[in-house]
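Number of protein chains: 6
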Amino acid sequence: MKKVVTFGEIMMRLNPPNHKRFSQADTFEVTYGGAESNVAALLAQLGMDAYFVSKVPDNPIGEATIRHLRKHGVKTDYVLRGGERLGIYFLEIGAAQRPSKVVYDRKYSAISKVDPEEFDWNTILEGASWFHFSGITPALGENLQVAVENALKTAKSVGVKTSCDLNYRAKLWSTEKAQKVMSKYMEYVDLLIGNEEDYEKSLGIKTENLDTNSGKINRKAYVKVGKEVKERFGVRSIAFTLRESISASFNIWSGLLVENGEAYFSRKYEIQIVDRVGAGDSFSAGIIYATLVEMKPKDKIEFAIAASALKHTIPGDFPVMSLNEILKLFYGGISGRVER
Amino acid sequence: MKKVVTFGEIMMRLNPPNHKRFSQADTFEVTYGGAESNVAALLAQLGMDAYFVSKVPDNPIGEATIRHLRKHGVKTDYVLRGGERLGIYFLEIGAAQRPSKVVYDRKYSAISKVDPEEFDWNTILEGASWFHFSGITPALGENLQVAVENALKTAKSVGVKTSCDLNYRAKLWSTEKAQKVMSKYMEYVDLLIGNEEDYEKSLGIKTENLDTNSGKINRKAYVKVGKEVKERFGVRSIAFTLRESISASFNIWSGLLVENGEAYFSRKYEIQIVDRVGAGDSFSAGIIYATLVEMKPKDKIEFAIAASALKHTIPGDFPVMSLNEILKLFYGGISGRVER
Amino acid sequence: MKKVVTFGEIMMRLNPPNHKRFSQADTFEVTYGGAESNVAALLAQLGMDAYFVSKVPDNPIGEATIRHLRKHGVKTDYVLRGGERLGIYFLEIGAAQRPSKVVYDRKYSAISKVDPEEFDWNTILEGASWFHFSGITPALGENLQVAVENALKTAKSVGVKTSCDLNYRAKLWSTEKAQKVMSKYMEYVDLLIGNEEDYEKSLGIKTENLDTNSGKINRKAYVKVGKEVKERFGVRSIAFTLRESISASFNIWSGLLVENGEAYFSRKYEIQIVDRVGAGDSFSAGIIYATLVEMKPKDKIEFAIAASALKHTIPGDFPVMSLNEILKLFYGGISGRVER
Amino acid sequence: MKKVVTFGEIMMRLNPPNHKRFSQADTFEVTYGGAESNVAALLAQLGMDAYFVSKVPDNPIGEATIRHLRKHGVKTDYVLRGGERLGIYFLEIGAAQRPSKVVYDRKYSAISKVDPEEFDWNTILEGASWFHFSGITPALGENLQVAVENALKTAKSVGVKTSCDLNYRAKLWSTEKAQKVMSKYMEYVDLLIGNEEDYEKSLGIKTENLDTNSGKINRKAYVKVGKEVKERFGVRSIAFTLRESISASFNIWSGLLVENGEAYFSRKYEIQIVDRVGAGDSFSAGIIYATLVEMKPKDKIEFAIAASALKHTIPGDFPVMSLNEILKLFYGGISGRVER
Amino acid sequence: MKKVVTFGEIMMRLNPPNHKRFSQADTFEVTYGGAESNVAALLAQLGMDAYFVSKVPDNPIGEATIRHLRKHGVKTDYVLRGGERLGIYFLEIGAAQRPSKVVYDRKYSAISKVDPEEFDWNTILEGASWFHFSGITPALGENLQVAVENALKTAKSVGVKTSCDLNYRAKLWSTEKAQKVMSKYMEYVDLLIGNEEDYEKSLGIKTENLDTNSGKINRKAYVKVGKEVKERFGVRSIAFTLRESISASFNIWSGLLVENGEAYFSRKYEIQIVDRVGAGDSFSAGIIYATLVEMKPKDKIEFAIAASALKHTIPGDFPVMSLNEILKLFYGGISGRVER
Amino acid sequence: MKKVVTFGEIMMRLNPPNHKRFSQADTFEVTYGGAESNVAALLAQLGMDAYFVSKVPDNPIGEATIRHLRKHGVKTDYVLRGGERLGIYFLEIGAAQRPSKVVYDRKYSAISKVDPEEFDWNTILEGASWFHFSGITPALGENLQVAVENALKTAKSVGVKTSCDLNYRAKLWSTEKAQKVMSKYMEYVDLLIGNEEDYEKSLGIKTENLDTNSGKINRKAYVKVGKEVKERFGVRSIAFTLRESISASFNIWSGLLVENGEAYFSRKYEIQIVDRVGAGDSFSAGIIYATLVEMKPKDKIEFAIAASALKHTIPGDFPVMSLNEILKLFYGGISGRVER
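In order, the protein sequences belong to chains W, L, S, R, P and G. Under my numbering, the first residue of the first sequence carries the number 2, and numbering increases by one thereafter. Under my numbering, the first residue of the second sequence carries the number 2, and numbering increases by one thereafter. Under my numbering, the first residue of the third sequence carries the number 2, and numbering increases by one thereafter. Under my numbering, the first residue of the fourth sequence carries the number 2, and numbering increases by one thereafter. Under my numbering, the first residue of the fifth sequence carries the number 2, and numbering increases by one thereafter. Under my numbering, the first residue of the sixth sequence carries the number 2, and numbering increases by one thereafter.
It should be emphasised that the hints constitute simulated quantities derived from the structure, not laboratory data. Honestly, I wouldn't trust all of these hints.
The list treats identical chains as one, so a pair stands whether inside a single copy or across any two.
[What the hints assert, rightly or not] In silico DSSO-like links for lysine-lysine, alpha-carbon gap of 30 Å or less:
hint: 1; residue 1: K329; residue 2: K269
hint: 2; residue 1: K172; residue 2: K329
hint: 3; residue 1: K102; residue 2: K269
hint: 4; residue 1: K154; residue 2: K181
hint: 5; residue 1: K329; residue 2: K178
hint: 6; residue 1: K181; residue 2: K207
hint: 7; residue 1: K185; residue 2: K4
hint: 8; residue 1: K181; residue 2: K231
hint: 9; residue 1: K114; residue 2: K178
hint: 10; residue 1: K4; residue 2: K231
hint: 11; residue 1: K172; residue 2: K114
A quick note: this is a predicted structure, and the numbers were derived from the prediction, not measured.
Model the full structure from these sequences, guided by the hints.
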């Protein structure tokens, strides 16, 4: 049971049920999530001592967020209370040719307006084995860019390994800004995670011959990106999620890990989607876990892809699953036969 | 923003949730819809000044119907209040090999017993650019056959373009009756819409070598039907929806427009179905809109098929969607990737 | 309308809605079911005089069970009241690579602790045409092994035909115990039903070259099993369900009947699954019905597979469907087109 | 276990949940009920062999109605299948100063258009101990006035006791018509049931000094009505429900039985209302039951009022309760303390 | 049908169902409302040409707000689109000794950051008979204080009557600020509305001997406040809502109108509460309507109190009711008897 | 923040929504609770370091229980995993004259079959300030009688204060058995809690002139019981909950603390009930908290009664509330006015 720390924003998620449009709904399903909290939630369920670092308002909505985290095992000791509001995102869950749609209402959230000095990273990272953040955190503002930098430097200084999910969000910052900030962090990052778009938008490294709409993937091009990241930024482990998006209801999902000059592709899962939000975060958690328990490279990517394949079947942002369930898929149990 | 008028019945729709059978349900989802009101709803959302003409009872159920129309932008100035009841249809939403099932309880509805003289078409069509009805309206009774004829003649006399979705319903009238009535209307119709069964049952023009169950479509046969309609009835634009029904959960959907002696086939969409009721109506609205904004024939059919493909993913009869969403699909955005 | 008797346990089924995990749910859907009650429910709906024999507690939960049976037409005259509790099973409905998961809480149920003398089989089977049980009933305990034996012997003595769905459940007994008990029953069984795993675990007859995960089926191997059962146990009709499990969301489903030295394979259905629990029971009910109305072998297997294919689309354990619906599929109506 | 027969209409009831108005609801709760079916349902649960006589359409909606009856123990052997539709009533459940509101959509229902010859009363009433109907049945049309008369005459001829709940409905017929028809039936009626308005509107016997809005009741005036009914029509037992309606949420409820020249008032219940539809029907069932088991007059009225007080707490038309629960209240258990 | 204009903020309202606390809920009921939009909604339903003036974001959430307004008849021609977000308020619906609780998340909303020049009051008020706002609008910021002042001056200049519901909100501004701003508006106000707290906090006029917790009201003290307002600010009509809050579940509700030196008290309603949010707004709409149709003072206050008593029984902010329903209560129909 | 330990059973609670009967429901609301876990939940929310000691099965249902505890702040370090099943209780929520009804299905639960040696009380109680249990725990079996005795003796030996809620349950043990066991524990108990029935059934001390149905309470009699308990068993603090049960919907609630020869009665709350299960547990938690923070006797009883009055308004077993909310009621804020 190792201490793992993730840092970022947790939001209220509101989605109409049963594929309804916003204007059709008179109820919303309510849950709470965000990239780094989702990662912490899976790591906690896999047995790690997972801490999420953030700030939520000191009101009953903030309190509900805390209880949601705690329920799924995430330690909330370092979640600050204060600020004006909790970020919200509205989600319409698509189907077939209708994409899922996110409307952000996250501006002015408590975490986005935090003073970086509110976080005492020496205390937070004491005894930790791992620190994780995603590109969303620095995208929330310059104060958070400083906070991430403080965290990374502290991590490096006390020997905590780090990972970064690039997670580029066009609504939060420009590619220019993103590349400037993210590049600077790379020297502190041990494990880098993203999809083809993330690598291009956040680091300026373009995957060749990419045709997102066709859903086909060019394996060589990805390997090339991985090698370029290694060369330019010195990151040791570079992981990709490879989504072939046939429709909003059906995707083919696999992953790639480039490590030690080798490229390890995972098997592919053909997935009828229940809820794909947070799949990338489960991938991150999976590969962090696999690294912490010292799996081999091929196993790391298979474990991470199995975890994230499972997430596509689970409602809400949080990956509610167990180690055994991931391992069963890892070992090839894809038939979906009833377990009784 | 052009004035468009549609004429027909709007019903209460009651369906068990989550694929339940009628006898299993202790709640029904309630919405309101009907072929011509569905068309008006999409046209209103695309920016047209869309009026629906009908009659609903002067009680809280009729009032709920009015509010539903108004919510989605349909003008209800010409909806009469009175009569005994609102038509109802019960719907079981099927899956895989179990078809969706409609139980009609629409007899004796206010609109079905209207006196044709209650509608003053000169007022209703004043300043209008388009008039639309489907074969369901005259199928409701001889009074409505007169009302449709009055509307069409007025439209012709004041230069309003017209469209007709054949929409044959075996539970409402015989093929003999349908053909007798519908044929008579053709001279007033500028745009004719239907599937292979509609053309056969309503106009007596059979598609050759049709094998509904196989799901395969014979493109030449459809083109031939289009030409025959043109020759026999003089309709300028003949549109088809082409449904390859693999199962109740999965269809392949495309369309054909025969115009000026040319046949324009749309691309095909492979659709995991959420709710396919009203897809044909969204096709009608799409092609009417495309005609009103003067798209080219190929674009008209592509736009209409994109709109109706999207409808398959939206619960309820009403096509709750925006122009931008249709255009995105029109331009090829089929991957269903999350938009955020 | 023939009298048919089934014997076994009915449980409360509790499942989170909408693919939620147990810990995510704050409501459970409640229904009641169990192998033999599911069989009785379909036979009742097909017009048989179907009696279910069991024991439920004499409290409001037992009463709710009785009302559920009665609602769907099952006669409850021989359901005893008493004992400590109703068995429960918790069900998570999976999707894609996440299997559905059953957590049993059925120990100490009223039926599992019944005294075999509480059942007066001469009265129960009087005038009956058929008796059915599954391997789950004797797996519940030695008292029930005696009860089943009593029932079978009485059936034989009064000329009632019998069927047995092997239905092996590893959580209830070992393969050794199962084989010892089930083998003994075979001399009384006219129709035997199971999948490849059941034949192996309950009777020790292994299907060769079986690869459950691949989803491919080896037709010859199944025929061989059928013949071996015939030779070793003398059962006249041996039926198989053949499930190719691509994922928890999508299966290919067919069946095989070995009779008179011939093997009759059904057509295959490709099924997007709504709820597959009880599909095997609908198969049993289908083949019992087909036998009672004296269909030919090929029709028997087609009818049974059509019934069980439909069951995959219906929520809950009980197969809520009509004879007409099964016949429509039996005659090839697989397109799933809306019926109106 | 005596055979009891009730005759009338059963409707689908659709109500918005949680006090919503019709236009606010996107789901309706669905149940089935009607005066005489509600009576049958309670009698069945009290252990009687209760048959409901009616006609419902031969479609899945009619089938759902049958299953609902059967679930709660009502025998449906004499429910005819056919006709065009099932009657529906829409219900808004009020609160405080907002009354509950019923919108009827029952015209043209299968039962309302039945041919009286379709009912073979000699068969239906064979072996019966009791026949019950309410004033709603003859109010549905002249065909049903004949059917009721046939039933009553047959009952008299074969020695079956009868009861009539006056149940005046202004939307179905005029007071003139009602009085003409109902008066004619009185010679066959052994037990008459109603509230003050029913006696006035259906039989022309006015309660003096009645002030419905004040909620106060004038005991002497009721006794006088009872005696007048006895004198004019010769009915032996005359029962009243006495509702003091403080608001839609809170009522005071009691009853009166006039028999053998004596007036028996029940105790009063102060009731916070969950669902008061069908309370009068539970009163009818209670007093029929009490008569069949030969309670004394004072006990009859107490039992009936206890049953109907309980009904106010139970959602839906059907009085889902047990003999023990009524007896507990009958014996004074009004504290509502948790039973565990 | 007179044109009435109201001006203010409309928010998304999110509340847990069934009295749940925020942290217990995994669904929220979604509706839209705000003081001035609620007033417009009732006026529209009473037959007025009601316009709501505001600003909502140009995204699907803003669009849902527009559709909600339109559904209930409110004209949205003057609702601007733009800005960053829609204000939200979270609501826990209390019971007994637990008060309902509002958590505001309305800061930075589109309307709160509007430029007052975006509203062209000459156009908006053209042909209008009435303008209404509440104290919440200027409490949102200085820009809105200017906008309200512009609206009032334009109204005065073109002869539009005006009303103001004081609606003091301590979370939005201080009493000092409120009094400074609101006092300035009084010269333009024809009808002033509030409860005892509003008059004290917004205008500095204290009701004597007030004991909010006891629920008793001192009639003389209220009359004195009314006269003082008249003297100090020259407002012609001063209306009070008088809430005796026994608990969150049960209130006694009445009103007072001071006009022409006379005090008119309404009758009192004892109310079991379903949803009391917006009751004050229904009072405002009621008294505006009564003024527009020129009722006498006593009738004005009775009509307004009847409308607002009804609102307590209707879920959501919007007062979904009809003129007839209010009139029925106005004429004394308080018994809550079922209407059928 | 003091360490508090409670010991007992936590069950799954399943209740039909909206006052439905068991046989009417097709969903159950799911939550988890039990006397001692409810106490721990409130203490945790009041800021104590609250540990719940129990045993739940090592399956996803046990896991859901753990997450529910953790969500509301209860420490689960001492919850053992194993055994066969989680206890369940089915609950129908009554109204008016219909009592809420509990059907227990708790036999054979993991905790009820625990070996007392599985609990290491020296570890569990290390550093603790308080230990609490209720009479339900020893009622589950002799193993638990031993476990409670072990806990009490350890508590005494290490100076941990203890409280006992008598909580007599007739379905679990006889009064003879209860009195024999509970009497023996009294020497270790510092604070004793119960209602009049508990004192009689568990300790044999009868309250005089008690008339449970009338709802009136005889204050002197309670004081006498308190003194007798003090004399016979030497318990220092004796607390009573005093429920005047007018109906299942409406209760009057108060409390009494007898301490140092003085009797302290609390104020009375008139409560419209949402969910009264667990109200006694909130009383226990309240008085434990008040004792730990060293309130005066009168304040202790007022605080405990305020906490438990609030619980009546909160769905589920767990008292989801904050210290501030209790204090507000403690200081007299009973008006239930909206807080915004």
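Practice task
Determine which of the earlier numbered hints do not hold for this structure and return their numbers in increasing order.
Solution key: Violated hints: none at all, because every hint is consistent with the structure.
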